[in-house]
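*Asks:* Sequence:
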Amino acid sequence: MRAHLLVLTTMLVVAGSVTADCPLDHLLIGCNPDGVWGTADDNRLFLDCTQKYRHSDPEHSGDPTWRNWHYPMYYNARYQRYQIGEPGFDVFPAADPNHALQGVPNLDYRLLIECVSISPGLIAHTYVGQSIQAPGDTINHSILSDPHLHLQYRLPAPNGVLDPNDMAWVTFRIRDGSDDGALYEPSEPVTIVFLRDPLPGDVVVDGHIGPADLARFVRFWLRPDACRRNDYHERIDANRDGRVDMLDFASLAGSWKAASGDWP
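By the count of our numbering, the sequence shown reaches residue 264 at its end, each step adding exactly one.
Simulated from the structure, these hints should not be mistaken for lab results.
Treat each hint with caution, since some may be false.
As the list claims (entries may be wrong) - Between beta-carbon pairs, the in silico distance windows are:
1) Pro93 <-> Asp180: 25 to 35 Å
2) Gly38 <-> Gln80: 49 to 59 Å
3) Pro58 <-> Asp180: 45 to 55 Å
4) Pro211 <-> Asp108: 35 to 45 Å
5) Asp180 <-> Asp245: 35 to 45 Å
6) Lys257 <-> Gly181: 43 to 53 Å
From the three backbone atoms N, C-alpha and C, an ideal C-beta is built for every residue, glycine too.
Please build the complete structure, drawing on both the sequences and the hints.
*Replies:* Okay, structure coming up:
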């Protein structure tokens with residue numbers, strides 16, 4: 001796959017804005033994924049992906065279509081690049097006590113948007129002096145005066161030409177980076193894909209199909225809550241029936257065989 005320089009620039013939104021009033025997609029940061037207090041995941045962070053790919057139809061970019069499992073990018077002739085300004089990040093509001101974070105940001109907890117995986121050349125810049133260029137790089141969400149954070153994803157294209165076979169991606173997770181002991185456990189990773197869908201069976205999204213995809217699949221074996229809210233739904237629940245089972249495994253195995261070309 002040809003390496004690209006995909007630049008992400010984040011923009012802070014005017015104080016007081018909330019996701020419900022913003023027309024762009026956001027991933028919501030919260031805790032207690034199952035929404036039930038007194039269970040094992042009470043202090044586990046998670047990213048609600050309900051809005052991810054909501055605006056994925058380039059012919060109807062402002063409509064909630066959820067048409068594709070990737071975001072398109074649009075050419076900006078002035079800057080000679082492809083770009084899109086979503087999705088961003090926000091937190092669950094206090095009005096949702098089952099998922100809202102408890103405590104004072106950057107005092108009781110320090111939310112870090114951490115890069116787990118990134119396509120070649122991917123760079124992230126923020127107005128608060130933080131950047132992401134490689135796995136392990138972080139953005140400190142808890143120091144922002146407003147938790148409503150926008151990202152702009154950019155792909156330089158000096159001649160305005162984009163290879164239709166190219167795909168770009170970034171995988172994030174949220175973790176508590178408090179120096180005096182973390183209040184929250186890290187979230188599951190969430191992947192954002194641009195330009196085209198991953199290959200069928202490319203569960204971890206790295207442009208290949210192999211053991212890593214099978215390992216990720218097994219983690220969610222027979223998990224019943226496959227829905228748009230959960231990141232793995234779009235790549236593991238292949239037939240979209242709300243369950244990860246043998247039918248989905250058959251799809252992954254078939255793609256792996258087709259990609260390898262050396263199975264009996």
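*Asks:* Now tell me if each hint is right for this structure.
*Replies:* The hints, checked one at a time:
1. Pro93 <-> Asp180: 25 to 35 Å: holds, 27 Å
2. Gly38 <-> Gln80: 49 to 59 Å: Holds - the Cβ-Cβ distance for Gly38 and Gln80, about 54 Å, lies within 49 to 59 Å.
3. Pro58 <-> Asp180: 45 to 55 Å: For Pro58 and Asp180 the Cβ distance comes to about 47 Å; the hint holds.
4. Pro211 <-> Asp108: 35 to 45 Å: holds, 39 Å
5. Asp180 <-> Asp245: 35 to 45 Å: holds, 43 Å
6. Lys257 <-> Gly181: 43 to 53 Å: Hint holds: Cβ distance 47 Å, inside 43 to 53 Å.
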